[in-house]
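S.K.: All chains should be modelled from the sequences, with the hints used to inform the complete structure.
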Amino acid sequence: MAKVVEFIKESYEEMTSKVTWPTWGELQSSAILVLVASIIIALVIFAMDKGSTFVLDTFYKSLSN
Numbered sequence: 001m002a003k004v005v006e007f008i009k010e011s012y013e014e015m016t017s018k019v020t021w022p023t024w025g026e027l028q029s030s031a032i033l034v035l036v037a038s039i040i041i042a043l044v045i046f047a048m049d050k051g052s053t054f055v056l057d058t059f060y061k062s063l064s065n
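Read in our numbering, the sequence shown has 48 at position 48, and its numbers run on one by one without any break.
Simulated from the structure, these hints should not be mistaken for laboratory data. Don't take every hint at face value.
Said to hold, decoys possible - No more than 20 Å apart at the CA atoms, straight line, and that leaves these computed lysine to aspartate or glutamate pairs for EDC-like:
1) 3 to 14
2) 18 to 6
3) 61 to 49
4) 3 to 13
To be verified - Ranges between beta-carbon positions, derived for each pair:
5) 6 to 53: 24 to 30 Å
6) 31 to 11: 23 to 29 Å
7) 40 to 60: 27 to 33 Å
8) 6 to 48: 48 to 54 Å
9) 20 to 40: 27 to 33 Å
10) 53 to 24: 40 to 46 Å
Note that CB positions come from ideal geometry on N, CA and C, so glycine has one too.
M.R.: This is the structure:
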């Protein structure tokens, strides 16, 4: 049990004094970058989905005629 307590104390020490936390501005710019990248990826996936749906619908309609 002593090792667990020691681990928690050392973890707290490291998180409060040794970790360099990003500034508010860095967090905002990173969040905006993630948001923009997520939107772009979502649009690409949407376009691929619609494109494959169109191709498959066209193919299946040509088989039924």
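S.K.: Go through the numbered hints given earlier and state which of them the structure violates, listing their numbers in rising order.
M.R.: Hint check: 5 fails alone, others pass.
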